[in-house]
Each structure stands twice: as C-alpha cells, then as structure tokens.
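Chains as they are written, first to last, in the working numbering: chain A, 16 to 332; chain B, 157 to 299.
Keep in mind that the hints were calculated from the coordinates and are not lab data.
Do not rely on the hints blindly, as some may be mistaken.
A partial selection of chain B residues facing chain A, derived with a Cβ cut-off under 10 Å [to be verified]:
(1) Thr174
(2) Phe175
(3) Thr177
(4) Val207
(5) Asp236
(6) Val259
(7) Ile275
(8) Ala279
Beta carbons are placed, not taken as given, at the ideal position from N, Cα and C, and that holds for glycine.
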Amino acid sequence: MTAAHSPTIPPPRRLKPWNAVERGLAKVGISGRMLVLAAPVLWLLVFFLIPLAVVFGISLATKQFGRPPYSPLLTTEEGTVQLTLHLNNYIRLFTDNLYIAAYLSSIRIAFISTVITLFVGYPMAYAIARAPDRWRNILLMLVILPFFTSFLLRVYALTGFMRGNGVINQFLGLFGIEPLVMMQTDFAVYVGIVYTYLPFMILPLYTTLVKLDVSLFEASADLGARPLRTFLSVTLPLSLPGIIAGSMLVFIPAIGEYVIPSLLGGPETLMIGRVLWDEFFTAANWPRAAAVAVAMLLAVVVPIMLLQRAQSAVVER
Amino acid sequence: MGWPRGRGMLTIVIAHATFCTAYVCVVVQSRLSDFDRSLEEAAMDLGASPVRTFFDITLPIIAPALVSGWLLGFTLSLDDLVIASFVSGPGSSTLPMVIFSKVRLGVSPDVNALATIIIGLVATGVLIATIIQLRSKPKKAKA
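With the hints as extra help, turn the sequences into a complete structure.
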C-alpha cells in the first residue's frame with residue numbers, strides 16, 4: 016500500500032471527529048443516512064402525524080362544555096381504564112343532508128371551475144409556449160406576478176369589480192343596461208376560483224407544451240391534416256400529462272376552498288370548507304369539525320392515491 | 157404537557173413550517189432528480205468525506221432550489237389565513253386574519269389603502285429586479 020502510493024497523491028482526508036462519531040454510531044446500528052433523515056422524520060411525526068391522530072381521536076368524542084370542549088376518550092373509573100368511542104359524528108355526516116349536500120356541492124364547484132380554468136388556461140399556455148424567446152419570459156413573469164401580492168387582497172379586489180355599483184355594472188350603466196347581480200352568487204365563486212387558480216393550470220401546461228417538437232405539427236400538416244385535426248390528434252394527446260397535472264393542482268385545493276366562497280359567495284353557496292369552519296369557530300363543535308375534516312381528507316386523498324398508482328402502472332408499462 | 161404555553165406566534169410558526177415543508181420538498185426534489193450523481197462520487201473518490209462532499213458539492217448545486225423553496229414558503233406563510241386562524245391564539249393575529257375580518261363585513265377603505273401600498277411595493281421590487289436582470293445580461297454575453 017505505501018509503496019504503491021506515489022507521494023504526490025495525499026491519502027484520503029476525512030474529518031477526524033466526525034469519523035469517530037460515525038464509527039461509534041455504526042456500532043449501535045445507526046448510519047449517517049439515518050441520522051440525517053431523523054430530523055425531518057421526527058418533525059413530521061411530532062407536528063404532523065401525532066396532530067392528525069389527535070384530530071381523529073377528537074372526531075370520536077362528543078361535544079361538551081368546558082376546556083377542552085370535547086369528552087375524554089379514556090376515563091379511569093375505580094382503577095379500570097375505560098375507552099369511550101362515539102361514532103355519532105360520522106353517522107351524522109351520512110344522515111344529515113347538510114354534509115352530503117356540502118360535499119357534493121364542493122365537488123361540483125371544484126369540477127366546473129377546473130374545466131373553465133382548463134379552457135381559459137390552455138390557449139394562454141399554448142401562446143406562451145409558441146411565443147418568441149424574448150417575449151416568453153416576460154409573459155411567464157406576468158402569469159406568476161399575481162403570486163407576489165396577497166391572495167386575500169386579490170379576492171377582495173374582485174368584490175369591487177363585481178358588486179352592485181362596481182366597475183362592471185358602472186360600465187354596463189353607460190349603455191343603459193340594468194345592473195347585474197354578480198356578488199354573493201355561485202357565479203362570483205367560479206370567477207374567483209378560476210382567476211386565482213389560473214397560474215396553477217398555465218404553468219404545468221406550459222412546461223409540457225414548450226417541450227413538444229414543432230416538426231410533429233409540420234409532419235401532420237404535410238400529411239394533409241387541417242389545423243384543427245392536428246390539434247386534436249397530435250397536440251392534445253401529447254399535452255395530456257400537463258392537462259392532468261394542472262387539473263389536479265386546481266381541483267384539489269378548490270374542493271376545500273374557504274376564503275373565496277365566504278367572501279364572494281352567498282349564504283346558499285355551500286362548500287365543505289365553510290361547513291367545517293362554522294362547526295369549529297361558530298358552533299364550537301370540535302368533534303363534529305374533526306369528523307368533517309377526516310372525511311374530507313379520506314375523500315380527497317384516497318382517489319389521488321388510486322390515480323397515482325394507476326399513473327405509475329401506465330408508466331411502468 | 158405544558159408546551160407550547162397557549163396558542164400564539166410559536167404555534168403559527170410550527171404549523172407553517174410543517175405545511176411549507178411539502179412545497180420546499182417538491183422544489184428541491186426536482187432539482188436533485190436532474191443532478192449529476194457522478195459529481196458527488198468524484199468528490200468522494202478524491203477523498204472528501206460525505207459531510208465535506210455535501211457542503212462543497214451538493215449544497216452549492218441545489219442552492220437555487222433552496223432559495224426558490226424558501227421564497228415559496230415565505231409567500232405561502234405570509235398569505236395563509238386558514239391555518240393561521242386555527243392555530244393562533246388571542247393577541248397573535250397575522251395580517252391576513254386582520255384583513256379578512258375587516259373585508260368580510262364589506263368594503264373598508266383602509267384595506268384598499270393597504271392593498272395599494274402592497275401592490276406598489278411589489279411592482280417597484282419586480283421592476284428593479286427586471287432592470288437588474290436586463291442590465292446584467294449583455295455583460296454576460298460579452299464575457
């Protein structure tokens with residue numbers, strides 16, 4: 016070993032103290048990799064998984080007056096520990112029409128908004144992807160720019176636009192058209208969701224569209240396909256990953272949206288985020304709110320996991 | 157357990173850090189996935205310890221992703237109303253909570269003034285950033 020090493024190449028240098036610690040830990044069966052991973056794992060365990068378990072636990076309690084405002088799950092009575100689980104919060108979710116209607120209405124509003132966002136966002140993403148290089152970055156920045164201002168203020172700005180004596184109605188008034196009622200309707204909620212989530216649709220669509228090979232369109236045109244046909248049978252199928260990614264990014268947060276329906280929607284705009292908020296803050300019914308949260312989590316997470324499994328199966332094939 | 161003592165700043169920070177982790181993770185992971193592992197292997201072959209390799213090779217390469225991840229987390233935390241409302245206590249209201257409580261009662265001129273200030277600040281910042289970018293580009297092309 017010493018003869019083979021020429022003096023110009025120094026032997027591997029290692030940080031000495033770390034080396035000793037590493038060897039010591041290795042004896043106990045802890046590698047450096049585990050040590051590095053331990054910090055995020057511990058953080059998520061303490062501040063994500065345990066709180067989630069607590070929420071699930073509260074959902075199995077009943078409301079009571081006092082602090083905390085729910086009944087304890089474990090009680091000790093004459094030396095025996097008793098576990099009391101209440102399922103009535105979950106039963107109420109399925110028997111009370113309010114919750115079912117709120118879930119269905121949330122899904123409907125999120126779905127319609129996603130479709131509108133797709134139809135508005137696709138041409139914009141396409142135009143940016145086909146724009147000349149020096150324009151492209153400026154256009155992309157204009158898409159991202161609204162993120163730098165507060166989401167809440169942007170939704171608030173829409174009320175000034177759509178209210179009874181707002182900008183749109185004043186403009187219509189110039190032509191003698193009766194003012195339209197837009198605020199506190201489902202229409203305003205759709206406008207709000209489409210407006211605020213549009214960048215989430217445009218950016219994934221742009222990244223797939225900009226990668227498409229222009230020669231494919233030329234080949235399709237050379238073979239006699241008209242522009243519409245080229246779009247439907249070449250561009251659209253190739254941009255499908257972007258459509259799916261963008262739609263997920265809009266649909267999932269839109270289901271649980273609270274701010275937009277409460278600022279723009281009317282009292283009859285029913286969304287599950289609003290129901291949960293009112294249960295927790297107004298009715299102070301923590302167990303019911305926790306049950307709504309658990310049901311919403313399951314309703315959103317399970318389909319996404321199934322979809323991802325299906326997607327990875329397609330990729331493997 | 158007596159920690160943390162009541163809801164407030166600390167609980168908001170913990171909750172925001174936890175949900176921002178997911179976003180930062182996605183940003184950094186996309187940078188790491190098209191990162192050339194042979195650079196790390198080369199550093200180790202030249203005798204650098206794993207810790208040294210991380211600080212000299214990996215960290216500088218993923219630094220842009222860390223900066224954009226930090227910026228993303230910063231804006232998400234600054235903007236968040238819902239999570240802050242659940243985990244904050246009396247006496248610790250974030251700006252979105254104050255705005256929301258004023259706005260839901262109707263139009264309030266002081267929110268309009270605040271919005272004007274914020275949009276003015278952001279517009280100036282973006283304008284300055286764009287000018288700096290445009291100025292630095294021709295120099296790079298020459299060099």
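Consistency of the hints with the structure:
| no. | hint | result |
| --- | --- | --- |
| 1 | Thr174 | holds (5 Å) |
| 2 | Phe175 | holds (9 Å) |
| 3 | Thr177 | holds (7 Å) |
| 4 | Val207 | holds (6 Å) |
| 5 | Asp236 | holds (9 Å) |
| 6 | Val259 | holds (5 Å) |
| 7 | Ile275 | holds (6 Å) |
| 8 | Ala279 | holds (9 Å) |
Comparing the model with each numbered hint stated earlier shows that all of them hold.
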